[in-house]
Amino acid sequence: MAALFKARKALAVCLAGCRSLSQLAELPETHQLLRQTCRDFADRELAPIAARLDKEHSYPAKQIQELGAMGVMAMEVPEELGGAGMDYLAYSLAMEEISRGCASTGVVVSVNNSLYIGPILKNGTEEQKTQWITPFTTGEKVGCFALSEPGNGSDAGAASTVARQDGDEWVLNGTKAWITNSWDASATVVFATTDKKLKHKGISAFLIPMPHPGLSLGKKEDKLGIRASSTANIILEDCRVPLDNMLGPRGAGFKIAMQTLDSGRIGIAAQALGIAQASLDCAADYAHKRTAFGSPIGKLQAIQIKLADMAVAIESARLLTWKAALLRDSKKPFTKEAAMAKLAASEAATFCSHQAIQILGGMGYVSDMPAERHYRDARITEIYEGTSEIQRLVIAGQLLKEYQS
Amino acid sequence: MSGRVLVGVKRVIDYAVKIRVKPDNSSVVTDGVKHSMNPFCEIAVEEAVKMKEKKLIKEVVAVSCGPQQAQETIRTALAMGADRGIHVEVTGKDYETLGPLQISKIMAALAKKEEAQLIILGKQAIDDDCNQTGQMTAALLDWPQGTFASEVSLEGDKIKVVREVDGGLETIKINVPAVITADLRLNTPRYATLPNIMKAKKKKIANMKPADLGVDITSRLEVLRVDEPPQRQAGVKVETVEDLVSKLKEAGLV
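Chains as they are written, first to last, in our numbering: chain A, 450 to 854; chain B, 11 to 264.
None of these hints come from the bench; they were simulated from the model. It cannot be assumed that every hint is accurate.
Said to hold, decoys possible - Simulated DEER-style distance windows between Cβ atoms:
| # | chain 1 | residue 1 | chain 2 | residue 2 | range |
| --- | --- | --- | --- | --- | --- |
| 1 | A | Lys748 | B | Ser256 | 39 to 49 angstroms |
| 2 | A | Lys748 | B | Asp139 | 32 to 42 angstroms |
| 3 | B | Asp138 | A | Lys668 | 35 to 45 angstroms |
| 4 | B | Glu180 | A | Tyr814 | 20 to 30 angstroms |
| 5 | B | Pro33 | A | Pro745 | 11 to 21 angstroms |
| 6 | B | Val38 | A | Thr587 | 36 to 46 angstroms |
| 7 | A | Lys748 | B | Lys28 | 37 to 47 angstroms |
| 8 | A | Thr740 | B | Val39 | 22 to 32 angstroms |
| 9 | A | Pro745 | B | Gly245 | 18 to 28 angstroms |
Even glycine gets a Cβ: it sits at the ideal position worked out from N, Cα and C.
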């Protein structure tokens with residue numbers, strides 16, 4: 450009898466820990482509750498102000514703090530360090546709902562979670578985690594990730610920012626470009642070459658507080674979309690940090706960056722899903738209300754076909770995103786799936802926002818309706834955290850490995 | 011006062027949903043429609059949780075009556091900070107005819123069973139707008155009531171309640187145990203935090219039926235017909251004030 454109880458308990462524990470594909474069909478109760486909570490927050494706190502944030506290019510500081518209080522700014526971080534202690538499926542759900550309300554707020558959340566906290570959580574020492582993660586869980590401080598440079602984006606191995614050791618300090622010189630959150634951040638993860646001869650194996654990762662002597666910011670870029678988040682260059686001129694500020698081993702920078710981006714892709718895929726879904730919501734609602742030729746335009750096949758195509762694009766990208774998240778949560782390889790998710794979701798976002806404007810007609814072109822903002826917000830998802838072209842190369846690389854005899 | 015608070019939470023159609031009446035005019039469409047916790051119940055839960063955080067009370071118990079889905083509403087209350095839940099299962103036709111009289115009988119029975127010192131309810135539900143459950147519960151228990159509360163504070167062994175009434179604000183002091191119903195301005199309900207959503211999974215929800223509490227839930231009311239509000243008629247534009255006055259006189263309104 451006792452043995453039977455033990456076995457049943459063991460099975461229950463095993464099943465509970467097993468991230469199975471059945472979760473793709475119906476989410477666990479906690480995740481449903483989380484999704485609903487984030488959706489309520491997005492509907493009540495983000496959607497009503499998103500247009501103004503976009504118009505004024507203003508950072509949603511209050512909302513980021515509220516999200517911090519909820520635990521959304523550090524979803525994967527264990528509770529002891531101040532985070533929510535949740536899994537990546539939960540993070541994907543939260544990201545989609547937040548981005549559906551406001552894509553700019555979504556990217557601020559994503560960069561903090563995946564690109565800033567992510568690498569420190571995985572590669573940091575205990576002191577580094579306490580110093581560089583805990584203050585960034587509440588929403589009061591956000592971080593950023595500085596990999597790209599004016600001279601290299603996709604070509605990340607060619608980092609020309611350098612770091613040399615001078616006594617008990619690292620001295621960094623160089624310029625980083627397109628850094629999201631830069632103007633609002635209190636710290637950054639920076640990648641610099643420590644050993645030029647080793648090429649991409651000579652890149653290391655560093656933690657730099659902001660502001661800091663030797664670190665300055667370029668002008669805020671005037672972007673097409675996600676305007677409430679700041680994007681600028683980070684300029685390092687003899688920027689000195691203690692030796693302890695190196696993240697991970699010397700020369701591990703490129704590997705850390707690639708691993709970080711693998712996970713970051715799931716967050717950005719979810720952001721793209723949110724934008725795509727918001728576009729579909731806008732278009733479907735309009736199709737019910739707008740009449741032409743005597744009936745609501747939703748009765749016309751031309752509109753119906755567009756809506757169907759949009760829905761399929763979103764749902765398939767969503768399932769890819771959830772699968773990538775579930776694989777990561779099960780500690781299985783997920784590089785290919787994450788790239789597929791980001792590719793599918795970002796192309797879904799641009800497709801859906803394009804079609805939404807088409808369905809709205811003239812109304813889609815003016816700022817009275819959110820369709821034009823979704824169109825502008827969607828565009829960047831095919832570019833940052835790995836362009837669609839790079840995603841295809843990653844997918845092909847993984848795929849061909851599978852077929853190697 | 012350091013006891014147990016019961017909070018009633020009702021699952022209603024979400025406030026943002028456009029309500030549609032069934033073609034047979036028997037009731038409104040609920041299938042596949044988004045439901046959430048009644049907004050006034052959210053305020054009630056928030057008040058109870060705040061009292062617990064101030065260490066004025068020890069335990070918050072969330073109660074909901076209805077079918078299986080009522081458990082979602084209880085989980086939301088648990089995620090906001092309630093300690094445990096009680097799901098009184100009522101399904102089918104019984105659920106359709108469930109109203110303030112039956113709920114107040116259930117709440118009264120639970121209050122006695124749980125030895126509660128305070129019951130906090132929303133002032134009314136946004137689906138039926140009855141505004142009766144709190145008052146009936148207090149009457150059945152012979153407890154004092156502080157309804158339409160916009161401010162609640164404990165003063166010794168009494169509760170001071172500031173009530174929103176038509177003429178303004180009325181302040182009363184009532185003995186414990188008591189029933190309080192929450193009005194809009196009592197507080198701003200919190201969003202559940204993610205750690206609390208995780209913790210809510212482990213909190214217990216007890217299941218029972220009205221019969222277990224000795225409560226008869228037969229309805230004394232029969233709904234004859236449900237209709238949509240009349241379509242808004244177009245108005246008439248007039249050019250001058252004289253025209254307006256003559257039109258009003260014509261319609262016998264002046």
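A quick look at each hint next to the structure:
In this structure the hint that Lys748(A) and Ser256(B) lie 39 to 49 angstroms apart at CB holds, the actual value being about 45 angstroms. In this structure, Lys748(A) and Asp139(B) meet the distance hint of 32 to 42 angstroms, their C-beta atoms being roughly 35 angstroms apart. Distance hint for Asp138(B) and Lys668(A): a CB-CB separation of about 58 angstroms, inconsistent with the stated range 35 to 45 angstroms. Here the CB-CB span from Glu180(B) to Tyr814(A) is close to 54 angstroms, at odds with the stated 20 to 30 angstroms.
Roughly 19 angstroms separates the CB atoms of Pro33(B) and Pro745(A), a value that falls within the hinted 11 to 21 angstroms. A beta carbon spacing of about 42 angstroms between Val38(B) and Thr587(A) agrees with the range 36 to 46 angstroms that was offered as a hint. Evaluation of the 37 to 47 angstroms hint for Lys748(A) and Lys28(B) yields a failure: the beta carbon distance comes to about 19 angstroms. For the pair Thr740(A) and Val39(B), the beta carbons lie near 23 angstroms from each other, so the given range of 22 to 32 angstroms is met.
Between Pro745(A) and Gly245(B) the Cβ separation comes to about 25 angstroms, which falls inside the hinted range of 18 to 28 angstroms.
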